[in-house]
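Please work from the sequences and hints to get the whole structure.
Sequence order for the protein chains is V, Z and B.
Taking the numbering used here, I'd label the letters of the first sequence as residues 1 to 647.
Taking the numbering used here, I'd label the letters of the second sequence as residues 648 to 815.
Taking the numbering used here, I'd label the letters of the third sequence as residues 816 to 921.
Keep in mind that the hints were calculated from the coordinates and are not lab data.
Beta carbons: idealized from backbone N, C-alpha and C, even for Gly.
Be aware that a few hints might be false.
Stated by the list, open to error - Derived Cβ-Cβ restraints for the label pairs, each shown as a range:
(1) Z:797 x V:608: 22 to 28 Å
(2) B:889 x Z:764: 27 to 33 Å
(3) V:610 x Z:797: 32 to 38 Å
Unchecked claim - The following residues of chain B were derived to be distant from chain Z, with all beta-carbon distances above 12 Å:
(4) 918
(5) 919
(6) 920
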Amino acid sequence: MSSLLWLIPALPLFGFLINGTVGKRLPKPLVGAIAIAGPAIGFILAIFAFLQVHEGAGALATYASWISTGPLKVGAGLQVDALSAVMVLNVTGVGSLIHLYSYGYMVDDAGFARFMAYLNLFMTSMLILVMGDSLPLLFVGWEGVGLCSYLLIGFWFDDLANVDAGRKAFIVNRVGDFAFLMGMFALFALAGTLGYSGLEAALGHADTAAVLTAGPFAGFTVGSVLTFAAASLFIGATGKSAQIPLYIWLPDAMAGPTPVSALIHAATMVTAGVYMVGRLDFVFIQAPAVLTAMVLVASATALLSGAIAFSQNDIKKVLAYSTVSQLGFMFAGMATTFWASGLFHVLTHAFFKALLFLGAGAVIHALHHEQDIRKMGGLRKDLPLVFGVFLIGSLALAGVPPFAGFWSKDEILGNVLYTALEGGNPIWFLSFGMLVLTALMTAFYTTRLVVLTFFGEPADPNRHPHTPPWQMMVPLYVLAVLSVVGGFALASPLEHFTEPVWSHLHVNEEMFHHAHQVALATSLVAVVLGIGSAWWLYSSGRARLEAFVDGPGHLIHKLSLNKFYVDEIYEWTVVKPTQFGADLLFWLVDRLLIDRIVVEGSGQLALALGAILRRGQTGALSIGTFAITGGTLAVLGVLLYLGVAHV
Amino acid sequence: MTDPVFLITSLVAVGSAVAAVTRRNPVYAAVWLLICFLSFAVILLQMAAPFLAAIHVLVYTGAILVLFVFVIMLLNLKDDELGEEYGTGVWAAASALSLGLFGLMAWPILADPKLSAPLPELPADFGSVEAVGRVLFVEYGLPFELVSLLIVVAMFGAMVLAKKRLWA
Amino acid sequence: MTPYLLLSAALFSIGTFGVIARRNILIMLMALELMLNGANIALVAFARMHAAANPDGTSTAAIGQVFVLVVMAVAAGEVAVGLAIVISLWRTRRTVDTNDLQMLNG
Numbered sequence: 001m002s003s004l005l006w007l008i009p010a011l012p013l014f015g016f017l018i019n020g021t022v023g024k025r026l027p028k029p030l031v032g033a034i035a036i037a038g039p040a041i042g043f044i045l046a047i048f049a050f051l052q053v054h055e056g057a058g059a060l061a062t063y064a065s066w067i068s069t070g071p072l073k074v075g076a077g078l079q080v081d082a083l084s085a086v087m088v089l090n091v092t093g094v095g096s097l098i099h100l101y102s103y104g105y106m107v108d109d110a111g112f113a114r115f116m117a118y119l120n121l122f123m124t125s126m127l128i129l130v131m132g133d134s135l136p137l138l139f140v141g142w143e144g145v146g147l148c149s150y151l152l153i154g155f156w157f158d159d160l161a162n163v164d165a166g167r168k169a170f171i172v173n174r175v176g177d178f179a180f181l182m183g184m185f186a187l188f189a190l191a192g193t194l195g196y197s198g199l200e201a202a203l204g205h206a207d208t209a210a211v212l213t214a215g216p217f218a219g220f221t222v223g224s225v226l227t228f229a230a231a232s233l234f235i236g237a238t239g240k241s242a243q244i245p246l247y248i249w250l251p252d253a254m255a256g257p258t259p260v261s262a263l264i265h266a267a268t269m270v271t272a273g274v275y276m277v278g279r280l281d282f283v284f285i286q287a288p289a290v291l292t293a294m295v296l297v298a299s300a301t302a303l304l305s306g307a308i309a310f311s312q313n314d315i316k317k318v319l320a321y322s323t324v325s326q327l328g329f330m331f332a333g334m335a336t337t338f339w340a341s342g343l344f345h346v347l348t349h350a351f352f353k354a355l356l357f358l359g360a361g362a363v364i365h366a367l368h369h370e371q372d373i374r375k376m377g378g379l380r381k382d383l384p385l386v387f388g389v390f391l392i393g394s395l396a397l398a399g400v401p402p403f404a405g406f407w408s409k410d411e412i413l414g415n416v417l418y419t420a421l422e423g424g425n426p427i428w429f430l431s432f433g434m435l436v437l438t439a440l441m442t443a444f445y446t447t448r449l450v451v452l453t454f455f456g457e458p459a460d461p462n463r464h465p466h467t468p469p470w471q472m473m474v475p476l477y478v479l480a481v482l483s484v485v486g487g488f489a490l491a492s493p494l495e496h497f498t499e500p501v502w503s504h505l506h507v508n509e510e511m512f513h514h515a516h517q518v519a520l521a522t523s524l525v526a527v528v529l530g531i532g533s534a535w536w537l538y539s540s541g542r543a544r545l546e547a548f549v550d551g552p553g554h555l556i557h558k559l560s561l562n563k564f565y566v567d568e569i570y571e572w573t574v575v576k577p578t579q580f581g582a583d584l585l586f587w588l589v590d591r592l593l594i595d596r597i598v599v600e601g602s603g604q605l606a607l608a609l610g611a612i613l614r615r616g617q618t619g620a621l622s623i624g625t626f627a628i629t630g631g632t633l634a635v636l637g638v639l640l641y642l643g644v645a646h647v
Numbered sequence: 648m649t650d651p652v653f654l655i656t657s658l659v660a661v662g663s664a665v666a667a668v669t670r671r672n673p674v675y676a677a678v679w680l681l682i683c684f685l686s687f688a689v690i691l692l693q694m695a696a697p698f699l700a701a702i703h704v705l706v707y708t709g710a711i712l713v714l715f716v717f718v719i720m721l722l723n724l725k726d727d728e729l730g731e732e733y734g735t736g737v738w739a740a741a742s743a744l745s746l747g748l749f750g751l752m753a754w755p756i757l758a759d760p761k762l763s764a765p766l767p768e769l770p771a772d773f774g775s776v777e778a779v780g781r782v783l784f785v786e787y788g789l790p791f792e793l794v795s796l797l798i799v800v801a802m803f804g805a806m807v808l809a810k811k812r813l814w815a
Numbered sequence: 816m817t818p819y820l821l822l823s824a825a826l827f828s829i830g831t832f833g834v835i836a837r838r839n840i841l842i843m844l845m846a847l848e849l850m851l852n853g854a855n856i857a858l859v860a861f862a863r864m865h866a867a868a869n870p871d872g873t874s875t876a877a878i879g880q881v882f883v884l885v886v887m888a889v890a891a892g893e894v895a896v897g898l899a900i901v902i903s904l905w906r907t908r909r910t911v912d913t914n915d916l917q918m919l920n921g
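Laid out in structure tokens, this is it:
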């Protein structure tokens, strides 16, 4: 199996190379077949790898030496352990379904081959990200998925707004990437290696109180450097996985085609940060301050984006903010160091959020690219099958038992509460409170979305929605099944399966049990409240809604509708000062210093010197010969005087 | 070294050289130069370079000076076409420079005792055609070829420069 | 040795005088030949000074004389090109006075 591991990321790469070069000239079904074959075969291989890991044997293969300079040695190697196996299954499985869906969704688009090629390139990058055996390889995948994200957000690049959205995603991610690199460098400075196994051996049980004597961190304790590294890595994760303060790119990323939103901006890429935290668990577990900051950031992100999702009218924007919110849940799960609960939510979220996005895509496709939910309504009758699967996804997202989301969300809530009780730290209690509130909001906006889209009367009675093709429906059915059973079927096996990677420390069984019961009760209450209030507000026309918005809900509605003015705050605190600084540099350094003084100045200097020196060029031969003879005499005289010419 | 032959020839050489560079008319200068070159040949003979002496006569008097005279005849300069010359002031300055140069060269020559040491015994064939030829063709084959290349280039260069309308 | 070298220095200096004091380009070229000959005499003189026999009786120290041959070849080439320039100058500008040739005046 190890010898075939490379095929998993390589197969989509072949697809990318074929479709990216000659895809435009191939018949569309062939392009689709090539594109789908890569992840599909990869999925089968991943199952074998998974079974092998399940039997207790991890797969590890180093193919070549990649970087070898001084103490830095990085191999091009792939590894599959429990964590990687789950991620690979998730990526290839959901990826295959979305590739199939994309065929139905994009086949009429002029850039169909290009689209499939980008998707395949994304699969390759994502698989390298989760299968690489070292941080540099993870970074290769990390940047690769960032590139694909950029390419796919701006896929319809003849609309400037899409290009701007792509650029925003890229630039915001670079901020995070910088922090990620700093974290990576810090780990290298500590451990002298970047492979996971080497890092874990060097840092897994480090003496955090020891003071470093050499290297860039001389004088600091190991623990403080680990905290620095973990904090930097987490900031890196906030970029890729859309947490405060770098989440702002993800909602705009919905400018891309809907399958992209489902695959990259919901199911796989945005969970890369969560994967990275889980992969480097031994670093984070030694930096408890970072974990506390993580849970606070994560729950604040969940709450803020959940609140923004209240009032968005674009179906994809609602789902995008919901994704940001759910990513907050995942990070909260990771922060508890019950890593499996975070991974569990990654999985269930991949199922139901991919389902919701694809369902939304089916709706958009059926309504000829209408995305405003106020102009939908009543689709229950027109698209009953889509309504069915969308409803399942919504129930899973809202956290209604026994759907998938309920299990993982409940697990995380319980773990957060347990950690709060165990440590007695008020920040954890605060985070728990915010997460419960978020669960309520999630139920609220999910219900609102379903009600506005599928219930009520059609906004336009003359519309003619067309039924999606089978290629779009099959993935929806599969994901719907997963969204139903994924929760209770995976809850306990996943924890067992990942035990070799994450063995959790002692747990106060009684307190743990108690915390989970309380969490279960509160989250159920929150869900019921959320669904109930949304149903009450939206199900019977707009009268109640308008009364609420004009009355008690005025402030929250206004804030939510304007996304809490975060973009505006960034505009004035980050973008404008940067532009001002750039202008300043442009006029002072570029225009004045370089253009005026250095470039033109050197030219003027040469001209002035030439005006003086040209007087020496008389053109008269005699003056030249006189000068040469005189000069020879002078040099000869000096040399003789100094005795140099004496033998 | 009070060889009377050398004394006379060197005096002739210096005197004719001075005369050559001070004549106004190039024809006279060429004639003085001829005398100068011939006395060179004698000096070369005295310094055990019979082959070089022969070559010197062939090349300098036979080729170079003839070329000079040929060009002078070709131009056929009238007296007013010879152009102006500098006045006494410039000549005095040039003389001072030249004398200074001579002094600077003479100083180390006179000061070095090694140069006044008696000359070594001459090998039998020193300076003969065979001796020079062996060194030239065996040890200095490549420089010799390079010099021949240089002469070819100079030949083409002279033709290109002196031709009236090259591309016509 | 010393008189030969003094003669060489004298001829070189006379040649220098001719080059710097004269304006007639033909005379300047002749003076140039004088300078080269001065150097040649020094070369021959040093060859004589270092004359020595090889074990097999042949002499190797004729290297200085070989140098002189090379200098003569260069001098011949130089004169050929120089005189060609003189002819072409005469044709285009009707002068042999170097002070009339100041087109390179900056």
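Q) Does the structure break any of the earlier hints, and which numbers would those be? A) 1
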